[in-house]
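Residue numbers (the numbering used here), protein chains in the order written: chain A, 203 to 420; chain B, 203 to 420.
Quick caveat, the hints were computed from the structure, so don't treat them as lab data.
Nothing here was measured: the structure is a model prediction, and the numbers come from that model.
It is possible that part of the hints are untrue.
Identical chains share a label here; the pair holds if one copy fits it or two copies do between them.
As a list, the in silico SDA-like pairs of lysine to any residue whose alpha-carbon atoms are at most 25 Å apart [unchecked claim]:
| hint | residue 1 | residue 2 |
| --- | --- | --- |
| 1 | 347 | 303 |
| 2 | 371 | 403 |
| 3 | 323 | 305 |
| 4 | 245 | 299 |
| 5 | 376 | 401 |
| 6 | 385 | 304 |
There are 2 protein chains.
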Amino acid sequence: MKIGVLGTGMVGEAIGTKLVQLGHHVTMGSRTPDNPNAGRWAKKNGVNASQGTFRDAAAMSELVFLCTKGEATLGVIQSAGAAAFQEKVVVDVSNPLDFSHGLPPSLLICNTDSLGEQVQKALPSAKVVKTLNIVNCELMVDPAKAGEPTMLVSGNDPEAKATVVKLLKSFGWKDIVDLGDIKTARGTEMLLPLWLSLWNVIGNTHFGFKIVGRRKSE
Amino acid sequence: MKIGVLGTGMVGEAIGTKLVQLGHHVTMGSRTPDNPNAGRWAKKNGVNASQGTFRDAAAMSELVFLCTKGEATLGVIQSAGAAAFQEKVVVDVSNPLDFSHGLPPSLLICNTDSLGEQVQKALPSAKVVKTLNIVNCELMVDPAKAGEPTMLVSGNDPEAKATVVKLLKSFGWKDIVDLGDIKTARGTEMLLPLWLSLWNVIGNTHFGFKIVGRRKSE
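If we strip away everything but chain A, and leave its shape as in the complex, we get (with noise of 0.2 Å):
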């Protein structure tokens, strides 16, 4: 699949690393055309991995993911411009965390809203799936490294889901949950201060979540 993905940082280098070695064409995409991270990432892993700008990197892709900080995302969406994810799978992996009262970090968006629904108002006519962003990029792509934690997945459009979920399986995830539609995406972004409190108990980030007990309806 052509897969574009949006940032340069330890999220976006996690993703699309466990792409292309999935065998996906993987473009990553920054502000500028030549982000020097984006280069070193791209020569590195071969010819399926190319960097370009966020509105290159998401046009020339079938499916996107927005690995930019949580702050960040909704201005890159913007920066690329809505047309660039036209009628696309839009997998959200980004946490809108707020580091602007000091640590530990509060929630920019959160309750009655989320980050992830303000995405897909952003981008209509796209599918947005929240997923991922409940454990440490590492994980993301490789969630046997923590027991066998548990994938939520948010989202408005089932076949999206299924794209997603599919994706995630292949990334070596078992046990997901789709939780719903994206408006579901408020219940896993509010588990970040909880995910945060554990990483200061635990002392490291290799920790998930598993939803153990549940079994059919009675």
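Got chain A; can you put chain B on it based on the hints?
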């Protein structure tokens, strides 16, 4: 131990009953001294179970469980009077759910504050511990019903947390994580939107969250 349970709903009944079964002396508190739910509960649970006002239940106990609806918690504390909680361990089990805008509920307080913190502010000499608020009340006192979920504990006072952890173990909890001070209650209260989505998907309330993959810091 002499324990007060404030609240006569499902949560108060589940916790009160378990505490009596474990040999504690429990007073169930409500707005009036003759609340019929509390009366039925006391009659059913024998000589170690009694009823009284919120103030009675708090004042005559060494440890107090707050089992009212989250929207009522601060009012209940006020009506009982802070003196009744002086220096005591106060276990806040309530969640600040806001049903005023329909279903699913949002949170009345979140992100940069929590109900746990507000309870601690209202009762500065008490040792507030937030816990159990992340599972259904049947699981609170019988976690084996949902596999082996993790229980999370937040509070400023280490001794109070140790007392509560001991109680949790007597309820059957095996995997208990101390998240840190009462501010970390933000994380467990903000888990509620996800809990509600999962309830909707799973179709019953017998599920929990297990923190997997954690190990000592590298």
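Cross-check of the supplied hints:
| no. | hint | in the structure |
| --- | --- | --- |
| 1 | 347 - 303 | neither (32 Å within a copy, 41 Å between copies) |
| 2 | 371 - 403 | between (29 Å within a copy, 20 Å between copies) |
| 3 | 323 - 305 | between (29 Å within a copy, 21 Å between copies) |
| 4 | 245 - 299 | neither (31 Å within a copy, 51 Å between copies) |
| 5 | 376 - 401 | both (23 Å within a copy, 20 Å between copies) |
| 6 | 385 - 304 | between (28 Å within a copy, 14 Å between copies) |
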